[in-house]
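Undergrad: Could you put together the complete structure from these sequences and hints?
Numbering (the numbering used here), first residue to last: 1 to 183.
Hints were generated in silico from the structure; no laboratory data involved. What you are looking at is a predicted structure, and each value in this text was computed from that prediction instead of being measured. Hints are not guaranteed to be accurate.
Per label pair, the in silico range of CB-to-CB distance [to be verified]: (1) S174 - R107: 17 to 27 Å; (2) K85 - G166: 19 to 29 Å; (3) G84 - K57: 15 to 25 Å; (4) L44 - I181: 29 to 39 Å.
With a Cα cut of at most 20 Å, we get these calculated EDC-like pairs of lysine to aspartate or glutamate [unchecked claim]: (5) K53 - D74; (6) K151 - D137; (7) K53 - E80; (8) K73 - D58; (9) K151 - D170; (10) K82 - D72; (11) K85 - E67; (12) K178 - D160; (13) K135 - D72; (14) K57 - D144; (15) K123 - D74; (16) K146 - E161; (17) K73 - D47; (18) K146 - E130; (19) K119 - E78; (20) K164 - D72; (21) K135 - D58; (22) K46 - D104; (23) K146 - E105; (24) K119 - E130.
Yeah, the Cβ is synthetic: ideal placement off N, Cα and C, and Gly gets one too.
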Amino acid sequence: MKIKALLLSTVMVASLLVGCGSKASTSTEPTKATSTDAVASASLTKDPAVFAKSVGKDGKWIIAVTENVTVDKDLILEGEFKNGKKDTAGKELIQRKIGLYTQDEKRNVTARFTLTAPKLTVKSPMASIEHGTFKGDLYVETADFKLIDNKIEGNVYFKDEAAKTGFKMDAKSSVTGKQEIMK
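TA: This is the structure in structure tokens:
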């Protein structure tokens, strides 16, 4: 009787271990962190080539630099991206951001950086440049572009009146050059 009880206990423990191990190793359900990263991941870089690729249509919704970056060619911020957040109706929010800063865990800006390029054209909807300096000329083709605590050392050219009217810049932002509609 003792042998049967011991054998039964051993089989039960082995079954539990095998069952747990196989479930953990074959699970295809993503974890919450994996799911979030897939939707709202960022591109953080100090490499000019990586930055130039990241602003393209196959990049990420947010492109952040970790130090000053100089790109020797014209850049185009293009593509429509979802940031992983939802509005009150449950619809995913569209956003594109160039972050020229680092922040701490409380979202306080800890360092600001400069992005230098001959030209940056903004085609992505709901795009912004935040908390740093862009040196070069900025061409805005969307009607919803924003500067947030950012300085443009150059000119801002708008595709049309709608792009100029939709352009927003907070009180901490500035543009050293002219702001005009392209002719």
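Undergrad: Each hint: holds or not?
TA: So, going through the hints one by one against the coordinates:
1. S174 - R107: 17 to 27 Å: At roughly 23 Å between Cβ atoms, R107 and S174 fall inside 17 to 27 Å, so the hint holds.
2. K85 - G166: 19 to 29 Å: holds, 21 Å
3. G84 - K57: 15 to 25 Å: Hint holds: Cβ distance 18 Å, inside 15 to 25 Å.
4. L44 - I181: 29 to 39 Å: holds, 34 Å
5. K53 - D74: holds, 12 Å
6. K151 - D137: holds, 12 Å
7. K53 - E80: holds, 15 Å
8. K73 - D58: With Cα atoms ~18 Å apart, K73 and D58 stay inside 20 Å; holds.
9. K151 - D170: holds, 11 Å
10. K82 - D72: violated, 29 Å
11. K85 - E67: violated, 27 Å
12. K178 - D160: Distance of about 15 Å is within 20 Å: holds.
13. K135 - D72: holds, 12 Å
14. K57 - D144: At roughly 18 Å apart (the allowed maximum being 20 Å), D144 and K57 satisfy the hint.
15. K123 - D74: Holds, because 13 Å separates the two Cα atoms, which is no more than 20 Å.
16. K146 - E161: holds, 15 Å
17. K73 - D47: The hint holds at about 14 Å.
18. K146 - E130: Satisfied, since the Cα-Cα distance of roughly 8 Å is no more than 20 Å.
19. K119 - E78: Holds. K119 to E78 sits at ~14 Å (cutoff 20 Å).
20. K164 - D72: violated, 27 Å
21. K135 - D58: violated, 24 Å
22. K46 - D104: holds, 18 Å
23. K146 - E105: Violated, because 24 Å separates the two Cα atoms, which is more than 20 Å.
24. K119 - E130: Measuring from Cα to Cα gives roughly 17 Å; hence the hint holds.
In summary, the numbered hints that this structure violates are 10, 11, 20, 21 and 23.
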